[in-house]
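Student: These protein sequence lines are chains A and B, in that order. No gaps in the numbering here: position 88 of the first sequence is 88 in this note's numbering, and each next residue is one more. No gaps in the numbering here: position 206 of the second sequence is 206 in this note's numbering, and each next residue is one more.
Please note that the accuracy of each hint is not assured.
[Unchecked claim] Cross-link-like lysine-lysine pairs, in silico, DSBU-like; alpha carbons within 35 Å at most:
id, chain 1, residue 1, chain 2, residue 2
1, B, K190, A, K4
2, A, K33, B, K194
3, B, K194, B, K231
4, A, K33, B, K190
5, B, K231, B, K41
6, B, K41, A, K33
Honestly, the hints are just simulated from the structure, not real lab data.
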Amino acid sequence: MKQKVPLVLCFLFGIVMILTEFSPHAASQATYKEIANWGRVISPFVFVLAVVTLIQTHWNRIQRRTEHWQYSFVVFAGMLAMVAAGVPSGPQHPAFAWLFNNVQVPMDATMFSLLAFFIASAAYRAFRARTFEATLLLVTAVIVMLGNVPVGDLLWPDAASNARQWILDNPNLSARRGIILGVSLGAISQSIRIILGIERSYLGGGD
Amino acid sequence: MFEKLMNIDRRIIFIFVALVVIIPMLFPFSLPLNVSEPTQKLYDYIDALPAGSTIMISFDYGPSSFPETEPMAAAVMKHCFDKGIKVIGVAVAYIDAVPLADRVMQQVAAEKEAVYGEDYVLLGYRPGEEYVILGMGAEIASVYDSDFSATSITEIPMMQNITNYDQISLLLNLAAGSSVEGWITYGHTKFNLKIAAGVTGVIVSQMYPYLQTGQLVGLLSGFRGAGEYEKLIKAPGDGTKGINTASLVHLLIIGLVVIGNIAFFVQRQREE
Numbered sequence: 001m002k003q004k005v006p007l008v009l010c011f012l013f014g015i016v017m018i019l020t021e022f023s024p025h026a027a028s029q030a031t032y033k034e035i036a037n038w039g040r041v042i043s044p045f046v047f048v049l050a051v052v053t054l055i056q057t058h059w060n061r062i063q064r065r066t067e068h069w070q071y072s073f074v075v076f077a078g079m080l081a082m083v084a085a086g087v088p089s090g091p092q093h094p095a096f097a098w099l100f101n102n103v104q105v106p107m108d109a110t111m112f113s114l115l116a117f118f119i120a121s122a123a124y125r126a127f128r129a130r131t132f133e134a135t136l137l138l139v140t141a142v143i144v145m146l147g148n149v150p151v152g153d154l155l156w157p158d159a160a161s162n163a164r165q166w167i168l169d170n171p172n173l174s175a176r177r178g179i180i181l182g183v184s185l186g187a188i189s190q191s192i193r194i195i196l197g198i199e200r201s202y203l204g205g206g207d
Numbered sequence: 001m002f003e004k005l006m007n008i009d010r011r012i013i014f015i016f017v018a019l020v021v022i023i024p025m026l027f028p029f030s031l032p033l034n035v036s037e038p039t040q041k042l043y044d045y046i047d048a049l050p051a052g053s054t055i056m057i058s059f060d061y062g063p064s065s066f067p068e069t070e071p072m073a074a075a076v077m078k079h080c081f082d083k084g085i086k087v088i089g090v091a092v093a094y095i096d097a098v099p100l101a102d103r104v105m106q107q108v109a110a111e112k113e114a115v116y117g118e119d120y121v122l123l124g125y126r127p128g129e130e131y132v133i134l135g136m137g138a139e140i141a142s143v144y145d146s147d148f149s150a151t152s153i154t155e156i157p158m159m160q161n162i163t164n165y166d167q168i169s170l171l172l173n174l175a176a177g178s179s180v181e182g183w184i185t186y187g188h189t190k191f192n193l194k195i196a197a198g199v200t201g202v203i204v205s206q207m208y209p210y211l212q213t214g215q216l217v218g219l220l221s222g223f224r225g226a227g228e229y230e231k232l233i234k235a236p237g238d239g240t241k242g243i244n245t246a247s248l249v250h251l252l253i254i255g256l257v258v259i260g261n262i263a264f265f266v267q268r269q270r271e272e
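In isolation and in its complexed conformation, chain B is listed as follows (with noise of 0.2 Å):
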């Protein structure tokens, strides 16, 4: 039997992953969430800052992280056009990046009643990572010129009195790749931005060392992130879903390697 165990077809493991995804999402269920002192953080900063500030998002992932990362952005910016914070977005790390912050940003505005050009902008995409965010402590306009669908940056109402990084209170970057470290390495070190994170899952644990030195004052990993902020801004979301459906997932991946332990040692047991 535990030799069975041992060999079970993988594709039997496909399908519990799938019930346990499927079913939390057919069948919504809430458990109970803690807020991570990282996301209460980012949520104190945010919450801190006087309304008409302006908060920048670079939205660096694509279409096969945005599940955990649109939930963040979703999120933030909800709390920022509560608290009157304008929104400026932009994109360094990945070209199709752009569709997918227009669309939540686009989302978000409506829900809130916020307007393009006034409460927010999408300024898009520029190649040439670190130049970008170099090029923009000196002046976004030379990066810059016009926004994502080509509006002259000189025409837009909220962009006539932000020059460069000091006039933005933070930059959150929203990434499933390296661009963090970017941000903190040329747009934090060389002109003092203030600098929070929000990253996937698999990336979380790279970016403790720059939490501790204060480098980035706040955090959102992943699903759980997503959740923790939607909670603290009291709007539940696919952020809390997503968690909810992970918790399952979890479990069952849990429960593998433990019955594959047992069965491991069992077997080993019978042979010694």
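Just chain A, same shape as in the assembly (with noise of 0.2 Å):
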């Protein structure tokens, strides 16, 4: 039963949906705005089900003493802090804003501008041309590099910007475009499998 009802609601939904995406008949519309409105109405449950995920893995970090399961007390610590500042009054009290421009904004823009120090480190260390393939992807980072600043101009006057402007529309574009209609076949074909109930393993416990 708990595993024949979802499957039995997904392959509804998955058929409904479908027939209503080509049918521009009034029904068939209200059909569809009604499940979007269903949709939109079941979404927020989705913060409760990462709020219930978050505290319960922290949870389970202190209670055993994993690596580093002190700094899951900061976890709790700075969530309990957001929700105080926020909930009461809303997002705009000067508390939260505070919070948040200064504690998350700077923390967040500082993990990922770390990207930076490492991409650095790794293209010195990894991006050699041992081989054609791998010599024709250094040349072309390098004119795209060199075209997406002001300073390729300056060194390479129009010409560094225009051949990034052509890779990035030719061989960028149609390569980009192969992969959206794989990926989009792929998603097609695993949607079917879902609906049809073949694929099960969104219900958990694998196949």
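Two chains, two separate frames, one set of hints: put the complex together.
Tutor: This is the structure we're talking about:
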């Protein structure tokens, strides 16, 4: 029963959404709109699930004293502080805004900025022209990088940005379109498998 | 010597990166910047809109990527306010985009003396990305019954004549993720909403197929896109500063790759 109900619901809603997508009939469009509204109602529960999972994960870490378990207290402290500042008075409350602008934004931005350091180090160590393909990749990357910044046009007037644009407009676009088509065909086939109940891993516990 | 060069301590590379980021910030300089076609297309599209038109900006980025996308938002909003175009702000992908959107909208509005509720409004975030896009196509008020600060949408003057996408001249998606595809699939395909994108440098290559098919009317790519738009509106800002700093970082990385390869080939020849 625990498996059959979700499978039946998945089949029903999957088929209905496919049919309504291709039918302009008023009844079909009304059904589509109604199901879309249900989707909007269900979506906020994702946040509940996320919060519960986060609490469970970090509570387990503290209980089991896994590596760096002390940091889980920081997660709880941060979560409680943001909730206490934001929930009663809304996100425009000065305390919440202060925490967001002075704690969350700099920390998030710092984490992302570290990428520049690691990319520079990785490029130095790993970007070697060992084979023809690697050389092609290296030359393309250098042209795109030079064309992407104004100093490229200073060193190689107009040519740098034109060469970058040509690479993006032609080889990149063709390859990307091929990837989109492949991914889309894969998504369609996987969706059919899920709707027909062949693929059941989303229910948990494998096939 | 070349062996040493190949095994250079990564902390030395980190110091070089830090220096080429910090120095241009302390001593700003200006480099000539050519405007690319995708940026020009977006500028021309907005510039051709009559005063009183409304555009919607979907702020779909978080704090980690705001340095690249926020200058785009500021530049486009400055252009809109100068032209008398109204701006609606929404967020469909990241909940933490809303305070960032609020901040940049307030900054630009203060500079251009735009009035909240008459020239611009921030509706905020609603979960369920695709369903939010679909819902607004039917009726914006069915998704957003109030704005970010909980004012009823019926009390906001500029929302009185706006029902759905039929009254929106352009949707600009400022994105650090896959939300552009969502807007194209559900906003453009189902409701014929005109869409443009401003994305971080790492995902810009993914946007070109949509640009070629006309599903995107224009595209801003990372710091460069922001800098180019600032050049077009003749108001250099954070995008211009960012692209000049990025110039040096790119040069450093190219230099490191070249040095690394020279060392690699010399070492390999010696071994042979």
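Student: Compare the structure with each hint and give your call.
Tutor: Now the hints, each set against the structure:
1. Under the criterion of a C-alpha separation no larger than 35 Å, the hint pairing B/K190 with A/K4 is consistent with the structure, at around 33 Å.
2. Distance hint between A/K33 and B/K194 is fulfilled; the C-alpha atoms sit about 22 Å from each other, no more than 35 Å.
3. This hinted pair checks out: B/K194 and B/K231 have alpha carbons roughly 24 Å apart, not beyond 35 Å.
4. Note on A/K33 and B/K190: the hinted pairing holds, with a Cα-Cα distance of about 12 Å set against a maximum of 35 Å.
5. As the CA atoms of B/K231 and B/K41 are separated by approximately 14 Å, the hinted pair is consistent with the 35 Å bound.
6. For a cut-off of 35 Å, the pair hint linking B/K41 to A/K33 stands: about 34 Å separates their Cα positions.
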